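Colleague: Residues per chain, in single letters:
Number of protein chains: 2
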Amino acid sequence: MPAALQNDQFLRACLRQPTDHTPLWLMRQAGRYLPEYNATRARAGSFMGLATNPAYATEVTLQPLERYALDAAILFSDILTVPDAMGLGLSFAQGEGPRFAKPVRDEAAVNALAVPDMDKLRYVFDAVTSIRKALNGRVPLIGFSGSPWTLACYMVEGAGSDDYRLVKSMLYARPDLMHRILAINADSVAAYLNAQIDAGAQAVMVFDSWGGVLADGAFQRFSLEYTRRVVAKLQRTKDGQRIPCIVFTKGGGLWLEEIAACGADVVGLDWTVNLGAARAKVGSRVALQGNLDPNVLFAPPEAVAREAIAVLDSFGPPQRADGSWDGHVFNLGHGISQFTPPEHVSALVEAVHSHSRRLRAAGK
Amino acid sequence: MPAALQNDQFLRACLRQPTDHTPLWLMRQAGRYLPEYNATRARAGSFMGLATNPAYATEVTLQPLERYALDAAILFSDILTVPDAMGLGLSFAQGEGPRFAKPVRDEAAVNALAVPDMDKLRYVFDAVTSIRKALNGRVPLIGFSGSPWTLACYMVEGAGSDDYRLVKSMLYARPDLMHRILAINADSVAAYLNAQIDAGAQAVMVFDSWGGVLADGAFQRFSLEYTRRVVAKLQRTKDGQRIPCIVFTKGGGLWLEEIAACGADVVGLDWTVNLGAARAKVGSRVALQGNLDPNVLFAPPEAVAREAIAVLDSFGPPQRADGSWDGHVFNLGHGISQFTPPEHVSALVEAVHSHSRRLRAAGK
Numbered sequence: 051m052p053a054a055l056q057n058d059q060f061l062r063a064c065l066r067q068p069t070d071h072t073p074l075w076l077m078r079q080a081g082r083y084l085p086e087y088n089a090t091r092a093r094a095g096s097f098m099g100l101a102t103n104p105a106y107a108t109e110v111t112l113q114p115l116e117r118y119a120l121d122a123a124i125l126f127s128d129i130l131t132v133p134d135a136m137g138l139g140l141s142f143a144q145g146e147g148p149r150f151a152k153p154v155r156d157e158a159a160v161n162a163l164a165v166p167d168m169d170k171l172r173y174v175f176d177a178v179t180s181i182r183k184a185l186n187g188r189v190p191l192i193g194f195s196g197s198p199w200t201l202a203c204y205m206v207e208g209a210g211s212d213d214y215r216l217v218k219s220m221l222y223a224r225p226d227l228m229h230r231i232l233a234i235n236a237d238s239v240a241a242y243l244n245a246q247i248d249a250g251a252q253a254v255m256v257f258d259s260w261g262g263v264l265a266d267g268a269f270q271r272f273s274l275e276y277t278r279r280v281v282a283k284l285q286r287t288k289d290g291q292r293i294p295c296i297v298f299t300k301g302g303g304l305w306l307e308e309i310a311a312c313g314a315d316v317v318g319l320d321w322t323v324n325l326g327a328a329r330a331k332v333g334s335r336v337a338l339q340g341n342l343d344p345n346v347l348f349a350p351p352e353a354v355a356r357e358a359i360a361v362l363d364s365f366g367p368p369q370r371a372d373g374s375w376d377g378h379v380f381n382l383g384h385g386i387s388q389f390t391p392p393e394h395v396s397a398l399v400e401a402v403h404s405h406s407r408r409l410r411a412a413g414k
Numbered sequence: 051m052p053a054a055l056q057n058d059q060f061l062r063a064c065l066r067q068p069t070d071h072t073p074l075w076l077m078r079q080a081g082r083y084l085p086e087y088n089a090t091r092a093r094a095g096s097f098m099g100l101a102t103n104p105a106y107a108t109e110v111t112l113q114p115l116e117r118y119a120l121d122a123a124i125l126f127s128d129i130l131t132v133p134d135a136m137g138l139g140l141s142f143a144q145g146e147g148p149r150f151a152k153p154v155r156d157e158a159a160v161n162a163l164a165v166p167d168m169d170k171l172r173y174v175f176d177a178v179t180s181i182r183k184a185l186n187g188r189v190p191l192i193g194f195s196g197s198p199w200t201l202a203c204y205m206v207e208g209a210g211s212d213d214y215r216l217v218k219s220m221l222y223a224r225p226d227l228m229h230r231i232l233a234i235n236a237d238s239v240a241a242y243l244n245a246q247i248d249a250g251a252q253a254v255m256v257f258d259s260w261g262g263v264l265a266d267g268a269f270q271r272f273s274l275e276y277t278r279r280v281v282a283k284l285q286r287t288k289d290g291q292r293i294p295c296i297v298f299t300k301g302g303g304l305w306l307e308e309i310a311a312c313g314a315d316v317v318g319l320d321w322t323v324n325l326g327a328a329r330a331k332v333g334s335r336v337a338l339q340g341n342l343d344p345n346v347l348f349a350p351p352e353a354v355a356r357e358a359i360a361v362l363d364s365f366g367p368p369q370r371a372d373g374s375w376d377g378h379v380f381n382l383g384h385g386i387s388q389f390t391p392p393e394h395v396s397a398l399v400e401a402v403h404s405h406s407r408r409l410r411a412a413g414k
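Chain order of the listed sequences is V and Z.
Residue numbering for the first sequence follows my numbering, starting at 51 and increasing by one per position.
Residue numbering for the second sequence follows my numbering, starting at 51 and increasing by one per position.
Hint data in this document are derived by calculation from the structure and do not stem from the laboratory.
Be aware that one or more of the hints could be misleading.
Said to hold, decoys possible - Straight-line alpha carbon distances no greater than 20 Å define the calculated EDC-like cross-link-like pairs of lysine to aspartate or glutamate that follow:
id : chain 1 : residue 1 : chain 2 : residue 2
1  : Z       : LYS288    : Z       : GLU86
2  : V       : LYS283    : V       : ASP167
3  : Z       : LYS300    : V       : ASP213
4  : V       : LYS331    : Z       : GLU307
5  : V       : LYS300    : Z       : ASP212
6  : V       : LYS331    : Z       : GLU308
7  : V       : LYS170    : V       : ASP128
8  : Z       : LYS331    : Z       : ASP363
In this text the structure is predicted, and so the values were computed from the model without any measurement.
Just chain V, with the same shape it has in the complex:
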């Protein structure tokens, strides 16, 4: 029997229920800006050594919670574990991004793809179980995956890309192959997230990190359609609790209303979106997560507080005039930079918690 949750503000905001303050967590909150993370990573020997070892993954997942009063934990892992389990051979060279030894570039490679045996991802599910135990009810744990399209970008390009030339060439020249990859990815991601939920994830997030590079029309057919398939297959309750699902499309602001209709409980927004305008459009149907520019964290603490307050004020008091609640989960609009001064994050957390309490008091 898992420990009772001591801080459920994050889950409540996701489900558009009343909250005492605006909960916050930070994408990539367990990461290289923290000296203690770098120490653990050094012991693990490599990023994959860290990510595939449940004890290490538990240790680094909890590190930011020791420093900051964050309202959620997120599984320490990588968005590319699924294609790695498909046999594409993921590695992280020193100082570089991810790379696949066997990128998917032709019809034969596409035909060889299949939903991976979830046993190959056991280390992830074991980490979820271990983290839940270590959290002991402190805050909820978020599981995650890359979106079908974002995984396809890496699978075809074989690495990060500036122009997405290879994956878009396949998309425009051989849409049949692209749809086949995406269908397999959607089934894989759904199975992967459901297994994380079984292991104890209390919310799940789909990172459509590269949806925003697609053309209007192509985004709907090649990214959003497959995210929708994933969401439709998710187990949405566990032990009587609703498991919120967050969908975040970086650069997806133009498609907000379509994304908000994909079945997710929460839509993540980057900093280009006006949060107040987004709330007016879709806030009565989904909660919103975001959307501070992570570069704000390089400015002095008073500027960090000022910009955080501007984000909260843009959303406004979450309780509506009719007494119902809209949901806002504070976050950055992208992962926190490795160059962030850790003490600036303290200023952010303090500003979000205190100002959001003032907003609620003023809104009454």
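Use these hints to put chain Z onto chain V, whose structure you have.
Modeller: Just chain Z now, kept in the frame of chain V:
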């Protein structure tokens, strides 16, 4: 006395006047995908050797017009000539992007900035005069500059950037310094574009290539406000002809209505924007330019034609039911890739011209 213009379709579309077909040109149409460009560049020795020599600049500007029935020429130059003239020391290392020897990173460096002597940019104005002469009225010539914000990004970062950490750190920590840079840039860009118009540019374009990386709110204050200042200072007629001004903010789709109100005649759009929706919002006030994903050009010619037709159909027949005209200039949503097969561009030009004539016939 300059030669009379034989093809004014581009200027007419910019000014929302009747056209026989949808005019097109391609950002970076004189570039590395053309073998003849690479041959000239090899003779010039370097990119700056090419850009600073009016004879070479004229030669490469006209090259794409020999191959394709494009409806406009664009000055061959670089967006960073203005900060180079400020004394920051622009160079292009082999296989890399631009780099400044003296980036602007502190208060002393900002205080040392001033609007450059336009005589240092004489090579650009000489190129404009030379190209106009060589064009001999074939198609109009477009001059251009980077936007104040986009120039500031390079000036502070010292080179291209993944995260814009340095320039955004200054923006959030020392907005006073950033505003000072932007004011100087706006005055410089206005003087630069006016000198291009004096030399013979028949339209001008402001490339706000990095406006889309800014947060909502910051975009309006640090990018759009200074683009507006530039547009307000432009000479808008020459020899009795209106000089259209195009503003292109890559990633600016969310701010379309604000950008359309900046005083420009034409707003450039990238491929993430739904062209039909954009026309419905602002098409009666400005012409629109764009917006094919340049990666479409890697697909076979039939796919190129199909996607080009989809863009034209999204805009729809430019003549409205009341007989008035909206303006569409076909373009890519970003510069053409150096890896583009040149014969695919032929398919694009053919598809845009023939389908847009069909659209006009069907619309009657």
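Colleague: Now look at each hint and say whether the structure bears it out.
Modeller: Verification of the supplied hints:
Note on LYS288(Z) and GLU86(Z): the hinted pairing is violated, with a Cα-Cα distance of about 33 Å set against a maximum of 20 Å. Annotation: proposed proximity of LYS283(V) to ASP167(V) holds, straight-line Cα distance about 17 Å (limit 20 Å). Annotation: proposed proximity of LYS300(Z) to ASP213(V) holds, straight-line Cα distance about 14 Å (limit 20 Å). For the suggested pair LYS331(V) and GLU307(Z), the alpha carbons sit about 17 Å apart, so the restraint of at most 20 Å is met.
In summary, the hint linking LYS300(V) to ASP212(Z) is supported, as the alpha carbons are separated by about 15 Å, within the 20 Å threshold. For the hint linking LYS331(V) to GLU308(Z), the alpha-carbon distance of about 18 Å falls within 20 Å, and the restraint holds. A C-alpha spacing of about 14 Å is found between LYS170(V) and ASP128(V), which places the hinted pair at or below 20 Å, so the restraint holds. Proximity of LYS331(Z) to ASP363(Z) is assessed by CA-CA distance (about 17 Å); at most 20 Å being required, the pair is judged to hold.
Checked against the numbered hints above, the structure breaks only hint 1 and satisfies the rest.
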